[in-house]
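Residue numbers (my numbering), protein chains in the order written: chain A, -11 to 337; chain B, 16 to 664; chain C, 949 to 1235; chain D, 1330 to 1469.
Don't read these hints as lab results, they were simulated from the structure. Since the model is a prediction, treat every value here as computed from it, not as a measurement. Hints are not guaranteed to be accurate.
The calculated BS3-like cross-link candidates involving lysine-lysine, where the alpha carbons are at most 25 Å apart (straight line), are [stated by the list, open to error]:
1) K1149(C) with K228(A)
2) K1111(C) with K128(A)
3) K408(B) with K1358(D)
4) K56(B) with K1358(D)
5) K286(A) with K1064(C)
6) K1464(D) with K1149(C)
7) K1149(C) with K336(A)
8) K1064(C) with K994(C)
9) K408(B) with K286(A)
10) K1464(D) with K32(B)
11) K200(A) with K1046(C)
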Amino acid sequence: MAASVLKKVVIEKINEVAAVLMQKGTLIAPVKEEAGANFREIKDPKDIYLDYYNSILSPKMVFFPQMEDFVKYQLAKPKADAKIVEMNLKPAFLFGVRPCDVKSFEILDKHFYASGIIDTYWKARRDNTTIIGYAFDLDKPVDSADFYNTLGIGAADPEGSDIFIVKKDKELLLKGITKKGEALLGELSMLEKADAKDEKYFTDYVKKGKEKKTRFMKVDDKAVAKKYEDIFENNEYWTKMSDACLSCGVCTFVCPTCYCFDICDETIFGKGTRRRIWDACMFTDFTLETSGHNPRTKVSQRLRQKVCHKYSFSVRKYDVISCVGCGRCTRSCPVNIDIYSMVEEATKL
Amino acid sequence: MSRIGVFVCHCGLNIAKTVRVSELVEFARTLPDVVVAEEYKFMCSTPGQELIQNDIKKYKLDRVIVAACSPLMHEKTFRKVIAATGLNQYLLTIVNVREQTSWVTSDIEVGTAKGKALINGAVYRARLLSPLVSRVIDVNPDIVVVGGGIAGIQAALELADTGKQVYLVEKSPTIGGHMAQFDKTFPTLDCSACILTPKMDAVLQHKNIKMMTYCEVTEVKGYVGNFDIIVKQKARYVDHDKCNACLACTEKCPGKGVSEWDEGLAKKKAISIPFPQAVPQKPVIDRDSCTFFLKGKCRLCEKVCEQKAIDFEQQDTFVNIKAGAIIVATGYDLMDTKPLVQYGYGKLPGVYSALEVERLFNSAGPTGGKVTLRDGSEPKSIAILHCIGSRDKNNHEHCSRVCCMYSLKFAHLFKEKTSADVYQFYIDMRAAGKGYEEFYNRIIEEDVKFIRGKGARITESKEEPGRLVVEAEDTITTKFINLPVDMVVLSPAIVPRADAKDVQRMFNLSSDKHGFFMERHPKLAPLSTMTEGVFIAGVCQGPKDIPDTVAQALGAAAEVLTIVSKDKMELEATTAIVNPAVCCGCQNCVRVCPYGAPSFNEQKNVCEINEALCKGCGQCAAACPTSAIIARHFTNEQVLAEIEGLMEY
Amino acid sequence: MTNFKQIEENLKKEAKKLLEAGSVAVVLAYTKGADEKHPQPFAAKKADDVANIIFNEYCNHNLARYIVRYAPGTKIAVAVKAADSRAVVVLIQEEKIKRENLILLGIPVSGMKNQKTGEIIDEKTTGGLTNPVVYDVLLGEEIHTGKPVSPYTVLEQYEKMDKDARFAFWKAQFDKCIRCYACRKACPMCYCDPCFIDQTKPRWADKSPQSHGNLMYHLTRFQHLAGRCIDCGECTRACPVDIPLYLFHKKVAKDCEEMFKQAAGMKIEDKLVMVDFRVEDSDKILE
Amino acid sequence: MEFEPKILGIACNWCTYTGADLAGTTRLKYPQNLRVVRVMCSSRINPSFIFRAFQLGADGVLVGGCHPGDCHYNTGNLYARRRLAVTKKILDFAGLEPSRFRVEWISASEGNKFAEVVKEFTEHVQILGPQTKFKIAGVS
C-alpha cells in the first residue's frame, strides 16, 4: 500500500477547515437540533456538532432529499408551459459520516444505478460529493440498538469514504482514502502533517474499531435471504412481529437504505411542480391501486415487505443485504420494534 | 380537460351599469379550459337561451357557466336551457354578478374586479362538476291545507273540485276564520256571512274534503311528494260521529265561558258551537268552563243527549296523513294593545279593538247588531285610531294594509247605525285597491271627520266622567287636539299568529323580520317557500285583504296542482353518497343527520346513505373525517376548487 | 408510586386466567423489545405467551390503539392505564367496540418515565390522571396523590404569548415535520383508514413536507381530535423530531371542556361533543 | 393605496345567501372584497375549508348561516356552531388573529344585516392588514 496521506488538526481548528470547504462548495455536517443531530448544510462553522453519536435522519437525504423538484409547470396562463428544474449543483462535502452510513451509500448506489437504470439525480449528487467519514468514538459505549457488526461493518472502517477521520484526544486525524480525498487534503493548508505515531494510532484505531462490539449474530446473506423466502407465508411469525407495529413511516424515513419514493404533482392557482418525495412501504396507501384494490391491507403484510426487501429481495437482486445495522429504526420506533430481534427470531425458525 | 362556455349577461343595465361585461368576457377567454365566452343583453330571453344552446353544439361544450342574476332566480331556467341540448343539467354553474355584485356596488372598477374573481371561481368549480341523475319519486296526490279561514277554505274547495283528496286542518272548533267574525266587507259592503257561509257549507258537503276541526298538526316529516303529517285531534268530549247537532246539550249547560268568537264581549256555554253558522254544527266541551271538569259533577249534557254522544273520557288522538303537498294558511292575530298603556285598552271601558267592533256591528253578535257601549248606551261621538302598533318603529314597522279601509267601513257603519260624530285619526290614508279610493271619497261625503295625526293618548275626561279624551297632533294645522268622545276604536297591527314560530319550524319555513312566513321570491314565487312542496297563502305571509287572500289561495292551489297532478316527480340529485372504500366506519354521519338517512352496515363496517331520506344539506360530509361522504354538487373538491379560484384574484 | 413488579405479577396472573379459560382471544399488554427499557406492546394469544408479559415504568404505549385492529366481536382484554382507559371510553362512545367484548385490566400508575429522555411523565405532557376511569379488574391499589392537578397549567406560558410569537413557535415546530405520520399512527383515536391527508379526492394538502402542507395536516388533525383527544401524549412521544403536539391537543381539549362542559373519555354515557349540540349552546363560543 | 383584503364568504343557501341576494335586490352598497361560495347549509362547511382559504391567501373568512333554531335542515347550524367554534380556537392557538374568521347568523330577510356585517368585517380585516401567516409562500 502506497504511503497514503495522513494529516491532523486540533479539534478547535475544524472551523477553519469548514470555512475553506464552504468556500469550495456546500458543506454538510451534523448539527445539533432539538431531537438530536442531523446532517444539514452548514451556514456557520460553529454549528458543526462533532460530539454526536449518530444522526436521527440518515445522511442519505444529502443525495436523496425528502423532496426533489423535477418540473415546474403552469396550466394555461398565459399559455401552458413546463420547465425542468435545474439542480445547480456546487461541489459538496459531506462531513462526519459514520462508517455504517458510508456503507449505506454503496448499497443505495446499487439500487440507483448499478442496476443499469440510472437515477440521474442520485448520481449527480454522488459524483459531486466528497465523503468525509468519521469513526465512532471508541471510548464511548455503543448504543444498544446498533448491530452494524452483524452486517460486517466496524466502528472505524474507512472504506467508502474519500477522507476518513479518527479522533485522537484533542486532535482529529484525517486520512485520504481515495485520490479525490487525498487531493482535497492537499488543499487544506491549515492541516498539519501527521507523524509516525499518528500513523500507528490511526491504523490501530481502525483495527480496534473491528473489535468494538455491537450486537452480533452470524448472518449469511444467502441463508437469511432463503430463510425469508421460506417463511414468507408464515403468518404466525409475521403477525407476531407486527402485533405492536403501528405502521407509521418512521423506520423507513430514518433508514439509510430505504429509498422508496412517490412522484406527485402539486398545483396551486394553475402553477405547479412535479416532484418526488419519500414514500414508505409501511403506509397504507403505498400499494393502493387506482381500482381501489390494495394488495397489502394488513400491517403484517407491510412489515413483511419491509423486512424481506432488506434481507431477502435485495440479496437476490444485488447480492447485498439492504441494512447497515445503524440501529436508527429501533431507536426511532415509537413502539420499540427491533429489526435485529426479528431477524434473530426468523433464523431460529 | 373540460370544454367550458362562459356566458355573461348584461341584464339590460342592471349588471352592465357597474360591471364591464366585455371585460369579463375577455377575461374568461384567457382561463384554462374556457373555449368560448360570450355576452348578451338578456341571457334569460329566448335569443339569449338560443345563444347558449348553439354554442354548446358548435363548441361541443361540456360545462356551461352563466354569469347573471342569483342562482335562486334563474338556475332552474338555465338548467332547462342546457338540458334541452342533451347536456346534463348539473353541469351548469351560475355566477351571481347581479344581486351580489352589480347591485351592491356603485364602482364599476370594483364590480368588474369582483366579477372576474367570481367567474374564475366558477371555472375552477365547473371543471370538477359531475353529471347527476335526478331521482324520480312517486307523488302522493293528496293535499293538506292547514288553516280553515277563507284562504284555506278557498284553496281546499278549488283542489277538491279537481278530484284530489284534501285534508283541511283547523285549530278551532269551526272553520271560517276571522272572516266569519266580520259583519260587512269593504269596499262593496256585502255581508261577510253571506259570501262565506256557503263556502263553509260547501267544504262540509264536499266528498273530497276531509274537514278536521279542533285539530293541530304536530309533526311534519318527509319531503315534497311524500309528506308524512301527524295531526292531533284534540278531545272534544263529544263523539261527532254520533252527534246529530240537535244542540239540546247547549241549552241545558250551566257552564259559562268566554266567547272567543265574540272577542270576549259575550259569554258562551261550556258545551257549545262557536256561532250559529259554525261548521260543523256540532259542539265541543270547553274544559275550562265545564262544571263537570271543574267541580267533578254535573253531566247535564250527557243526560239530555239522546245520541249518547257525550264522552267525558275522550282523549286526544293522533292521525297520520300522507300527502304530496301542503298549503299553510294559518292567518294572523291582532296585536294585543294592552301593553300600549297610553291607549288605555283593557282599562278604559270605552276603548275597543277593531275585531270587537266587528262583533258589535254583527247581527249575530253580542248586541244583536246594535252599537252600544258597555253600559248599553249609544255613543254620541266616536274616534277611530289608525296604526296602533303598526307603522311604528317601537312596535311593528310594517303597514297592516287593511286598517285604513276597515276604519272607513266602521265609519260608514257607525253613521248608518248611530247618529254619532265619527272621527278618523290617521297618519296617511292608503286606499290602493280596486274601488277603494271611491269608497274613501264616499265616506268623506258621509260627514266623517278626518284628522291627519296619529292618536297619541286616550285619557278619561276630567270634566265629563265616563267620557274619553283623544290627544293628538293635527299635522295639517300643527295644532294639538284634545277631542272628547264616548267611544274609541283602535286599529291594532296585524301580527303573526302567536304560535307562528312553531308552525314555521314544523313546516321548515323561513320568516321575514316581522315573523310572517317568507315566500321563496317576493315577485316570482310569492306562494312557494324555501321548502319544496309547502306553499303559503293569506295573511300568514303578510297583511292583506280578502280579495288578495282569496287570490293567493287560488294561486297556491294551482301551485299544488303542478306537483300532485303528476304521478311522479324529479327530486334534486344533490344528495350525499358514501364511498365505501374510504369510509372508516366512525358513524359521525349517522349521529349528525337530522333525517336518519345514513346507517351503519355492521357486516361491511361502513356507513350507507338512504338517498330517499337525504335532503342534501351536506352536514354528514363535513362531519366525515376521511372525506368518504360525497355531498354531490357540493363535494369537497368542488368547494375547495371554487375557494381556490375565488382567492386567485 | 406504582409497584411495577406487583402489577406485572397481577397482570400475568389475570392474563393467564383469561387465556386459559378462553374468555378472551387476546390480552393486550407489554413485552420487552430490544431490552426491558424498551418495552413493546404485546398481544398475548396463548397462555404460554403470558411469560413474556412485562410491566415497568417505560410501558407508556396506549394499548387502546390496538383494539380496533381486531375483528368486531373479538373478546379482548386490555391492560389500561388512566389514559388508555379514557381512550377505551371514547372508542365505546364511538361504537368502534362494545363494552361487553372488553375486559379492562386497570393499572393505576404514577412515576412512568419517558424512555427517550428518562423524564417522569405527568400532567405536563399528559392528562395526568393516575387511576383508570373504567376497569373490570384493578391490578394495584388506587393511587391518590392528594390534590388534583390541572393538565392545562402547562399551557399558560403559550396562551400568554403574543400571537405573532405563538405563530412563529408553531411554524418552527411544524416545519420540522417529516410527515412520517407516527403521530396519527400512535394515536388511539386516529383509527381512520385512510386518513384525510392520504385522500386524493380531494387532496387536502400537498404530500411534500413543506410548511403549508404540514400546517394543514396538523391543524386538521387537531380539529378531528377535538373533544376526542384524551391527552395520553403518545403522538408526541412517537414523534421522531420532537414536535410538542401535546400542547396543541391540550389547548383544544381545554377549550372543548370549557365550551361543552365535558372532558373526553371520562364516562361511557357521555355524548360525543363534536357530533352533538345543545340548543342552549351560546354564540359566545364563536367569539 | 389602501389595502384591499380578499375575503372569502361561505353562505348557506337558505338564509345568508338569500339574505345577500336581498341586500342586492334592495340595492344596499357594501365593500366588494367578499367572494361568496354557496353551500346548502352552514353545517356543510368542513373546517379544513377555512384553513385552506387562509392558505390560499384569504385575509378574512366569513361564514353565514341561519339563526340557531331556524336552520332549513333543523339542526345543521347547531352542529356547525360547535365545529366552527373549535376551528376558531385552533386558529387562535396557531397564532392567527381569530377575528379574521367570523361566523354570523343572517336570515333570508336580513339583507341589511348582511350588508352591515360585510362592511364592518371588511373594515376590520383592513385594519388587521394582509394575512401572511397561513398564506402559502410564493403564490400570488
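Structure-based check of all given hints:
1. Restraint check for K1149(C) and K228(A): not satisfied, since their Cα atoms lie roughly 35 Å apart, outside the 25 Å limit.
2. Taking the CA atoms of K1111(C) and K128(A), the gap is about 44 Å. The hint is violated against a cut of 25 Å.
3. Under the criterion of a C-alpha separation no larger than 25 Å, the hint pairing K408(B) with K1358(D) is consistent with the structure, at around 23 Å.
4. Taken as a hint, the K56(B) and K1358(D) pair is honoured in the structure, with Cα atoms around 24 Å apart against an allowance of 25 Å.
5. Taken as a hint, the K286(A) and K1064(C) pair is broken in the structure, with Cα atoms around 29 Å apart against an allowance of 25 Å.
6. A hinted pair counts as satisfied when its Cα atoms are at most 25 Å apart, and K1464(D) with K1149(C) qualifies at roughly 22 Å.
7. For the given pair, K1149(C) sits about 46 Å from K336(A) by alpha-carbon distance, which is inconsistent with the 25 Å threshold.
8. Taken as a hint, the K1064(C) and K994(C) pair is broken in the structure, with Cα atoms around 31 Å apart against an allowance of 25 Å.
9. For the proposed pair K408(B) and K286(A), the alpha carbon gap of about 69 Å is over 25 Å, so the pair is violated.
10. Among the hinted pairs, K1464(D) with K32(B) is inconsistent with the structure: their alpha-carbon atoms are about 35 Å apart, more than 25 Å.
11. Of the supplied pair hints, the one linking K200(A) and K1046(C) is violated, its CA atoms being roughly 53 Å apart against a limit of 25 Å.
The structure is inconsistent with the numbered hints 1, 2, 5, 7, 8, 9, 10 and 11, although it conforms to all the rest.
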